[in-house]
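Peer 1: The residues making up each chain are set out below.
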Amino acid sequence: MKSAEQIVRDVRSGATTASAELDDALLAVKARNEELNVFLYVDEEGARRQAESVDAAIARGESVGPLAGVPIALKDNLCQRGIPTTCSSRILEGWRPPYSATVVDRLLAAGAVPVGKTNLDEFAMGSSTENSAFGPTRNPLDPTRVPGGSSGGSAAAVAADMTPLALGSDTGGSIRQPAALCGLIGVKPTYGLVSRYGLIAFASSLDQIGPFAKNVTDAAMLLEAIAGHDEMDSTSLPEPAPSLVAHINDGVAGKRIGLVRDLVDGADEDVVQSVLRAAEALAAEGATIVELSIPEFRLGLSAYYILAPAEASSNLARYDGVRYGLRVNADDVTAMNEATRTAGFGDEVKRRIMLGTYALSAGYYDAYYGQALKVRTMMISAFANAYRDVDLLLGATTPSVAFELGSKVSDPMAMYLSDIFTIPTNLAGDAALSVPFGTGEHDLPIGVQLLGPGRSEAKLFAAARVLEIAEGR
Amino acid sequence: MSPSLRREDVAHVAKLARLTLSDDELDQFTQQLSQVLEHANDMSSLDLENVVPTTHPFGLVNVVRDDVVRPSLDRDEVLAMAPDSEDGRFAVPRIIGEAP
Numbered sequence: 001m002k003s004a005e006q007i008v009r010d011v012r013s014g015a016t017t018a019s020a021e022l023d024d025a026l027l028a029v030k031a032r033n034e035e036l037n038v039f040l041y042v043d044e045e046g047a048r049r050q051a052e053s054v055d056a057a058i059a060r061g062e063s064v065g066p067l068a069g070v071p072i073a074l075k076d077n078l079c080q081r082g083i084p085t086t087c088s089s090r091i092l093e094g095w096r097p098p099y100s101a102t103v104v105d106r107l108l109a110a111g112a113v114p115v116g117k118t119n120l121d122e123f124a125m126g127s128s129t130e131n132s133a134f135g136p137t138r139n140p141l142d143p144t145r146v147p148g149g150s151s152g153g154s155a156a157a158v159a160a161d162m163t164p165l166a167l168g169s170d171t172g173g174s175i176r177q178p179a180a181l182c183g184l185i186g187v188k189p190t191y192g193l194v195s196r197y198g199l200i201a202f203a204s205s206l207d208q209i210g211p212f213a214k215n216v217t218d219a220a221m222l223l224e225a226i227a228g229h230d231e232m233d234s235t236s237l238p239e240p241a242p243s244l245v246a247h248i249n250d251g252v253a254g255k256r257i258g259l260v261r262d263l264v265d266g267a268d269e270d271v272v273q274s275v276l277r278a279a280e281a282l283a284a285e286g287a288t289i290v291e292l293s294i295p296e297f298r299l300g301l302s303a304y305y306i307l308a309p310a311e312a313s314s315n316l317a318r319y320d321g322v323r324y325g326l327r328v329n330a331d332d333v334t335a336m337n338e339a340t341r342t343a344g345f346g347d348e349v350k351r352r353i354m355l356g357t358y359a360l361s362a363g364y365y366d367a368y369y370g371q372a373l374k375v376r377t378m379m380i381s382a383f384a385n386a387y388r389d390v391d392l393l394l395g396a397t398t399p400s401v402a403f404e405l406g407s408k409v410s411d412p413m414a415m416y417l418s419d420i421f422t423i424p425t426n427l428a429g430d431a432a433l434s435v436p437f438g439t440g441e442h443d444l445p446i447g448v449q450l451l452g453p454g455r456s457e458a459k460l461f462a463a464a465r466v467l468e469i470a471e472g473r
Numbered sequence: 474m475s476p477s478l479r480r481e482d483v484a485h486v487a488k489l490a491r492l493t494l495s496d497d498e499l500d501q502f503t504q505q506l507s508q509v510l511e512h513a514n515d516m517s518s519l520d521l522e523n524v525v526p527t528t529h530p531f532g533l534v535n536v537v538r539d540d541v542v543r544p545s546l547d548r549d550e551v552l553a554m555a556p557d558s559e560d561g562r563f564a565v566p567r568i569i570g571e572a573p
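Order-wise, the sequence lines are chains R and X. 1 is the number of the first residue of the first sequence in the working numbering; add one for each residue after it. 474 is the number of the first residue of the second sequence in the working numbering; add one for each residue after it.
Think of the hints as simulated: they come from the structure by calculation, not from any bench. Since the structure is predicted, the reported quantities are computational estimates derived from the model, not experimental observations. Cβ atoms here follow ideal geometry from the backbone N, Cα and C, with glycine treated the same way. Keep in mind that a hint or two might mislead.
Covered stretches of chain R (chain X as the covering partner; in silico rule of three or more C-beta atoms under 8 Å from a C-beta of chain X) [stated by the list, open to error]:
{"no.": "1", "stretch": "224-235"}
{"no.": "2", "stretch": "300-312"}
{"no.": "3", "stretch": "317-323"}
{"no.": "4", "stretch": "338-344"}
{"no.": "5", "stretch": "370-383"}
{"no.": "6", "stretch": "408-416"}
Hey, can you work out the whole structure from these sequences and the hints?
Peer 2: Here's what the structure looks like:
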């Protein structure tokens with residue numbers, strides 16, 4: 001499949017049309033969607049309309065946006081007006097949002113062509129896309145394995161060459177982990193860089209929307225198009241979108257990069273080897289590699305699995321059968337609320353609501369929630385301290401390559417551990433990305449993670465580009 | 474050290490969270506949630522007396538805009554997605570007392 005960059009160039013020059021590119025994407029979806037369960041909904045009609053409007057603008061000689069004619073997949077927790085949006089939950093089945101997320105409006109303005117909505121772990125809670133009310137998504141590189149999660153459908157759409165770009169959301173690793181398992185670039189931007197308006201909330205102080213792509217330039221193009229201040233999100237950073245594509249070849253000469261022991265310890269040997277080779281590749285381009293340890297990282301998982309469920313228990317209180325989605329009728333309103341939530345939520349969502357409710361309940365608040373908020377402060381200080389000495393950090397994205405379907409579903413703690421290297425960034429509100437670097441067991445892709453302080457996306461992309469070139473891509 | 478989670482705690486929390494759990498689910502959730510809380514206990518030994526809690530990575534400030542009337546969501550479009558509505562409002566089963 002052509003890169004997004006190539007499609008934009010060809011659409012602008014007249015070598016192809018947005019409609020023809022969409023046809024290719026729809027064919028690719030039809031070829032493998034039944035097998036892989038990537039898209040929950042394909043908006044063929046809306047996509048055709050958007051592609052035709054891009055083609056018409058070009059025919060009239062008008063200028064078109066930076067993503068003109070590029071098909072894109074949207075994780076099904078992003079609202080698009082009038083298009084079914086489920087969060088992979090029975091509780092929202094059949095709901096069509098009366099408004100669009102800011103990112104969707106920006107994509108349309110940029111000329112991108114949203115093709116449909118992709119599968120996820122219900123309410124983005126999971127690391128394998130097996131917790132979906134609509135069945136698991138399979139990894140296109142090996143359909144006996146998971147694509148990762150929670151944005152597994154979006155990762156699979158790009159990995160299966162259905163669309164060159166996709167959007168996901170990352171609360172504890174839900175973009176970077178599936179990107180690693182599917183051999184893609186996945187970016188968790190700085191908290192507030194991308195508007196969360198229209199992203200169905202899981203843990204609001206951690207959630208961030210970000211791109212999936214097959215190459216660094218495409219990912220940077222997409223992030224540029226969706227980033228920047230939005231008055232509809234009160235946590236939106238005040239500045240406009242940063243310039244990313246222009247800095248993609250800035251390299252890493254003179255940069256200090258910290259190889260974090262705590263972000264490789266416990267990973268499989270093939271993953272460790274990839275990280276070490278990545279460090280060598282960065283050093284070969286003039287970076288100084290500094291080995292360091294950030295012991296606070298080991299507390300990340302504990303803090304996250306208190307804070308994220310606590311926020312979720314509050315955010316998901318809105319699914320009460322009153323205003324949207326499922327209602328299971330009962331004699332009085334409380335019984336109706338309870339019957340609706342019991343029927344509408346899957347096991348993992350219930351587990352996290354329960355955990356969060358417990359951590360916030362009288363008598364336990366200080367011991368769990370209060371303590372986790374303080375650990376979050378420690379995490380932020382630990383990162384800030386590291387960034388006084390180095391520009392970026394390097395480690396593994398995940399402890400292993402893609403695991404087999406069903407291998408972790410019955411053991412929540414084992415599943416949670418697959419996010420152990422990605423969680424610290426979310427707690428700090430910083431930026432990080434995963435870039436494919438080498439392959440491991442069963443010839444499956446390995447992702448290495450680059451982490452930076454808030455607003456360091458340009459540096460992260462430049463470093464990722466160095467690794468991409470080292471891999472001959 | 475925090476006390477371990479009991480089955481009746483889980484039943485109480487389910488009630489607070491408006492979820493009905495079967496006996497089997499209660500057993501399973503007690504075991505699974507205990508495991509996560511046990512993992513979280515590695516935080517309880519830390520002395521964080523003087524650490525300020527973080528609720529938001531960059532510190533929230535109030536965001537206000539001028540109080541000017543703007544178009545909002547279309548009422549009919551919103552109500553069309555509700556499970557039940559009546560006279561331009563969301564309709565729910567009775568809340569207090571007997572139905573008239």
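Peer 1: Give a verdict on every hint.
Peer 2: For each hint, the structure was consulted:
Only when three residues or more bring their CB closer than 8 Å to a CB of chain X does the claim for the stretch 224-235 of chain R stand; here the count is 3, and the claim holds. Coverage of the stretch 300-312 of chain R by chain X holds in this model, with 5 residues showing a Cβ closer than 8 Å to a Cβ of that chain against a need of three. Remark: the stretch 317-323 of chain R is confirmed as covered by chain X, as 4 of its residues place a Cβ nearer than 8 Å to a Cβ of that chain, reaching the required three. Under a criterion of three residues with beta carbons nearer than 8 Å to beta carbons of chain X, the stated coverage of the stretch 338-344 of chain R is upheld, 4 such residues being counted.
With a threshold of 8 Å between beta carbons, the proposed coverage of the stretch 370-383 of chain R by chain X holds, since 10 of its residues qualify and at least three are required. Given a C-beta distance limit of less than 8 Å, the hint that chain X covers the stretch 408-416 of chain R holds, as 3 residues qualify and 3 suffice.
Hint violations for this structure: none, all hints satisfied.
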